[in-house]
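A.B. asks: Sequence:
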Amino acid sequence: MDHDPWFASFLAAGIVSGAWAVLRRGSARGLRKGSLLQASLLTVLCALLGAHVAGRMLYEPVRFAADPAGTLLSLGSIASVGAMAGGLAGVRLAAACGVLSRQEVLPFLDCVAFTLPWAWSLGRIGCAAAADHPGPHAAGWFSALYSDGSRLDMARVEIAVLVPLGVVFLWMDRRAPRPGTFFGLFLLGYGVARLALDAYRIADPRYWRLTPAQHAAVIAGIAGLALLSRSTERAGPRHEA
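Start counting the sequence shown at 1; every next residue gets the next number (this note's numbering).
FRET-style restraints, in silico, Cβ to Cβ:
hint : residue 1 : residue 2 : range
1    : Gly98     : Arg24     : 18 to 26 Å
2    : Ala129    : Val167    : 21 to 29 Å
3    : Ser9      : Pro68     : 24 to 32 Å
4    : Pro68     : Arg230    : 32 to 40 Å
5    : Arg174    : Gln103    : 20 to 28 Å
6    : His215    : Pro68     : 17 to 25 Å
7    : Ala160    : Ala12     : 19 to 27 Å
Hints listed in this document are in silico derivations from the structure and should not be mistaken for laboratory results. The structure displayed is predicted, hence computed values, not measured ones. C-beta: ideal position from N, C-alpha, C; glycine also.
The task is simple: from the sequences and hints, build the whole structure.
C.D. replies: Written out as C-alpha cells, the structure is:
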C-alpha cells in the first residue's frame, strides 16, 4: 500500500488507539507499567520498520534488486505482512532484553491480539479511502470505483472480517481464557481470512502463485493452531468432584 494522506491518518489513529488499549488492558491484568510501555514502543517501532522493509523487498522486487540500499532508504509501499513479522520481532527483542519476563510474553501478546481487530480496522479504513487494494469487478457495499470501473475493495472486505473477530474476542473476554488464547485465535482466524481474501487481490505480486501475505498466512495459521493446542494441553482435563 502506498503512502497517502488518508491512509497515513487512519494508520496513525490505529497505532495510537491500539497502543493505548494495550497499555490499559495490560495494566489492568497486572503487567508492569514500565515493561508495558517499553514493550509497546519496541513492538510499534519494529512493526513499522518491518512494514517498510517488506513493502520494498516483496512488493517492489525489481526496483529493490536494482538498488537495494536506495530502495530501502526511500519512502514507498508498506506491507502488513512485514508489520506483523516486525511486531513479533519487537516482542522477542523485548523479552531478550529483559523488558518482558518469560511469564509476561504471552499475556502481552494476548493484549496486542485482543486490540488488533479494531486497530487494524482503522488502518484498513485508510486503505479503503486510498483505494489501495482492488479486487475483481463487482458492485455493491464492498465495492469502490476505480479507473477501470467498479471493483471489489478488498480492504472493505477485510474490515468485515476483522470486526466480527473483535466482537468474538469481547464475548470470550468474559470467560477469562488462558494465556495465549487470543493470540492463537488471531493468528488462526486472520491467517485463514488472508489466505482466502488475497486470492482476489489483483495488484499484489505473486510468488509461487501466492501473495506474500498468503505465504505468511499459512505460517500464522499453523502457529495459531499449535499455540491453541498447547493452551488446551496445559489446561488439562477437568474432573468433577
